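Undergrad: Residue numbers (our numbering), protein chains in the order written: chain A, 22 to 336; chain B, 199 to 867.
It should be emphasised that the hints constitute simulated quantities derived from the structure, not laboratory data. As the structure is a prediction and not an experimental result, all values here were calculated from the model. Take the hints with a grain of salt, since some may be wrong.
To give an idea of the interface, some chain B residues facing chain A are shown, with a C-beta separation under 8 Å as derived from the structure [as the list claims (entries may be wrong)]:
#1 Y377
#2 N379
#3 D420
#4 E431
#5 Y433
#6 F435
#7 P599
#8 E623
#9 G745
#10 N747
From the three backbone atoms N, C-alpha and C, an ideal C-beta is built for every residue, glycine too.
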Amino acid sequence: MKKYFKYIFLLVLFSCEKEELPIQPHIPGNSEVNQISLLPDYSRQVFYHLNKNETVSENTKTDWDLLFYENNEEHHIILNSSTYAKSASVDLEFDSEINISELDFISDSPEGINSGLSITNIYSKTIVVDRGFNLNGTQRGYKKFNILEINNEYIDLIIANLDNSQYEEVRILKELGKEKYTYSFDDGIVSIFPEDMSWDLLFTQYTHIFNDGTTYLLTGVLTNYLNNVTVSIDTINEFSLINFSDIDNYNFSSNQDCIGYGWKNYNHSSGVFTIIENINYIIKDVNGFYFKMRFIDYYNESGEKGYPKFEIQKL
Amino acid sequence: MKLNFRLFIFIFLLISKNIFTKSVQEDTLLKTSVNEVVITGQINEKKSLNTVQKTIVIGKPILETNIFQNLSQVIETQSGFSVSHDNVLGDGLKIQGFGGQNVKILIDGSPVIGRLNGNIDLSQISLENISKIEIIEGPSSVIYGSDALAGTINLISNNKYKKLLNFSNRNFYESVGRYNNDLNLVINNKISKLNISFSRKYFDGWSENEKFTIFPKSNLADTSRNKKWKPKESYSFKIQESINKENIKIKLYFTGFNEKITNRGFPIRPYFENAFDDYYYTYRRDLGYNFNYNLNSFNINNLTSYNRYKRIKNTYYKDLTSLEQTMSADLSANDTTKFSQFISKFIFSNSKKRKYDYLFGIDIDRESSYGKRIKNSSQNQLNLSLFNTFEFSFKKLLIRPGVRLVYNNKYKAPIITSTHFLYKEKNLRYRFSLSQGFRSPSIKEQFFEFNDINHDIIGNPNLNSENSINVQCGFSYNNQFLNNYYFLSFDFFHNRINNKIDLLPSLDVLGQYTYYNIDSVRNLGMNSKFEFSNSKFNSNLNISYIGLNTYEFSNEYNYQFTLSNIFTYKHNTGLNINLFYKYFGNKKQLYYDSNNILSENIISDYSIMDLSLNKNFMNEQIEFSVGLKNLMNNISLISINNNSVHSDNSSTMNIGYGRTFFAGINFKL
């Protein structure tokens, strides 16, 4: 035995790389159905979390006017397109007289900040905002503002009516890690957007720009594209047959309006909305999980419009 | 403090001259490193004690402790040396604060090639069949040409065999998951010696919170697959034939080395079902001969070698549920780098000791580099050098001037000179030297082209060489008292590297980076060594205090204190106890951060300690060793960044994988 001991010992001193063992693929989630309440007058904006399949936050769409997006050295001002708001930049001193009819009001691109915002130079001398429409369809009027300073701690701006009445100086204090600050010309600083990573989709009205440049207020779904939510549309495969293994075959878009309004049709003669069959959305959420989604209805149990209903399943 | 130090030196000199009067019979001093014979940088071989340029020898007492498995580990025993660990680029050397690109590494006089970011991976240089390591601190470019600015390391193979047939086998296991095995066969007769060796080294990777297992086992491809220290497997092979007939010595050799580093990527969130895995393959092939002809007192030596180096990086996208993988289509994720070097060095010298010794040499060196990131896919550089050096003896004084003339086909090479002085008086040695060194701009620095979405780097063909000037002085004292041998030395040095080559934003193209000769690096410091030895005990204490200045505008030197000691004790039973300890003091570094603000980085002090026991059995046919490594349980080191503008922050550096146990068994027939 002693004789062979050294050879046994040698075996202990020799080894080689071991192959890994495959992990079990994750189990897809169950198919679930949810219905969002935008109300028949589309007055609500609803923030929705895919993984929890629940509404995170909701507000009346006229609760805010401006969204300040602050990401490191990047500063943008986004309009509330759910009210059909538009803006025009004027190269005149802030207290100058402004002739509205001479201004060219522009909407934000519904695709997102990378496709063009109405306010291209946030430091323009005067920015006039057409606030769009109230819930009852009346005009909300005009406001003008001028950004005085943006730094790491605050945003300073001045706001007034076009005739310089209701002049006010506003300071919006920044918070560590917060990127979105919303402001209402009526109520001042308001909190509208939930935490960045807590929502994936926003059910809302928004201003769409057609190819010929005309704009129209539509009802649909926008994505949390600033936090990496992306979408692919599959009109070929059956909803039930789409699996996680198909993910690599899809091209994902980071456009905010990739889901948009196009999943429904409006029949002008009958005045009825119908869901277009076999439009499947493959969505990558803020955490990188994939979901498939399809709309199944636009009416509630009482037959009122403005209640998009959909089927969702985690892949 | 300074006054006390001067006083100490003065008192010591006084004592050494008047009290220790007994001279040493050098042939009785067997175990000490300073009595090892040195050939690196010498006209004729000499004991380290008597070389005109200070030379350090790491000999058998250290190499046979079995603690150290590669050059990286053993070089760290020296106080002025430090090793940085990169899990992909390998272990890079710093000598007296200077980076690895300024250090020449040789194996039996033939240069090791394959520098990644200027560094040769020291962990790839194995110590099997190495009898000693000779190190010259400071420039030795007169003899060894480019790169030998800060130091030269020469690994000397074992070539002393008594029997006709010699077989040895070494096996090493470390509980972190390291398994090393090598075989060595030597067929030896009076004229010829055939040496065949083979070795395999395997490391299964390590991360904190890893469960200990004697053998690696298959694990699930989950988040634990990504190791902090990457798994590594290497094979090396060497065949060498030496012929020694009358006054002719010929040595022919071929060596091969293959290494694979596996970097299993962290599974991609949120599903953790896919990962990017990187594989790094290194191939080295060296072919060469060494011819030596001795005629009376005249010696001709020719060392010719052709070395090839190839490194491949492949990245795969892996499905962890099926373990299928496909090669990444991203061009920057896959790369092949190839170098080759042909050198032929003729040395004419006297072989017998005379009043003056001479050495005259011709060096032909052609380097080539290939790869898609090299302009026109391949470039080469030719160096032709003439060098000579003389060693004059004037009673107790030895003077050695030297000069090297270099022609390079790609840039205007400098003329390199050096002068060394040695004054011997009984047990005392006084040394002074003034020498220059240089480093040719590498092919990468001249002809690199790397453009993709993340990189825009281009080489600069108009670079000049880096050159250095070094001043060293010191003295040593050795004596023997009641069969105890003592050696003490103090050395002071100043080294300045000019025209340092750095990668900087281009002055011509916005957003592009290129290489410029722009800065200088200086160091100032002292090394001290105290060696004590008798028939049972050897202690080798090294202390260094070295300051580094990396910016031209500042005169501030950032000093670091290091202390190292190796004890070996031989018990009557034949058991050897070896203890290695090293202390690294606080280290301050200045650097420009991403906002171009001068920042300060402080690396806290730490120490390392290893212990081994080894014993021979069966008439030295079996040697068994066990030990503990990293007794201080070092894993990572905190580096604090002090910045006057931004808030303080800190980062961690990986320095070890905690306390480990090792065991080895060696057979010799």
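Undergrad: Hints first: check each against the structure and report whether it holds.
TA: Comparing the hints with the structure gives:
1. Annotation: interface hint on B:Y377 holds; nearest CB of chain A at approximately 5 Å, less than 8 Å.
2. A distance limit of 8 Å between C-beta atoms decides the matter here; for B:N379 the minimum to chain A is near 6 Å, and the interface restraint holds.
3. The closest approach between the C-beta of B:D420 and any C-beta of chain A is roughly 6 Å, which is under the 8 Å cut-off, so the hint is satisfied.
4. The interface hint given for B:E431 holds, since its Cβ lies 6 Å from the closest Cβ of chain A, which is under the 8 Å cut-off.
5. This hint is violated: B:Y433 has a C-beta 12 Å from the nearest C-beta of chain A, more than the 8 Å allowed.
6. Look at B:F435: its Cβ only gets to about 17 Å from chain A, farther than 8 Å, so that hint breaks.
7. The interface hint given for B:P599 is violated, since its Cβ lies 52 Å from the closest Cβ of chain A, which is over the 8 Å cut-off.
8. Annotation: B:E623 was flagged as interfacial toward chain A, and the flag is violated, the nearest CB pair being 51 Å apart, outside 8 Å.
9. Taken as an interface hint, B:G745 does not check out: its beta carbon lies about 39 Å from the nearest beta carbon of chain A, beyond 8 Å.
10. The restraint placing B:N747 at the interface with chain A is violated, with a minimum CB-CB distance near 35 Å, outside the 8 Å limit.
Figure legend: structure checked against the earlier numbered hints; hints not met, in rising order: 5, 6, 7, 8, 9, 10.
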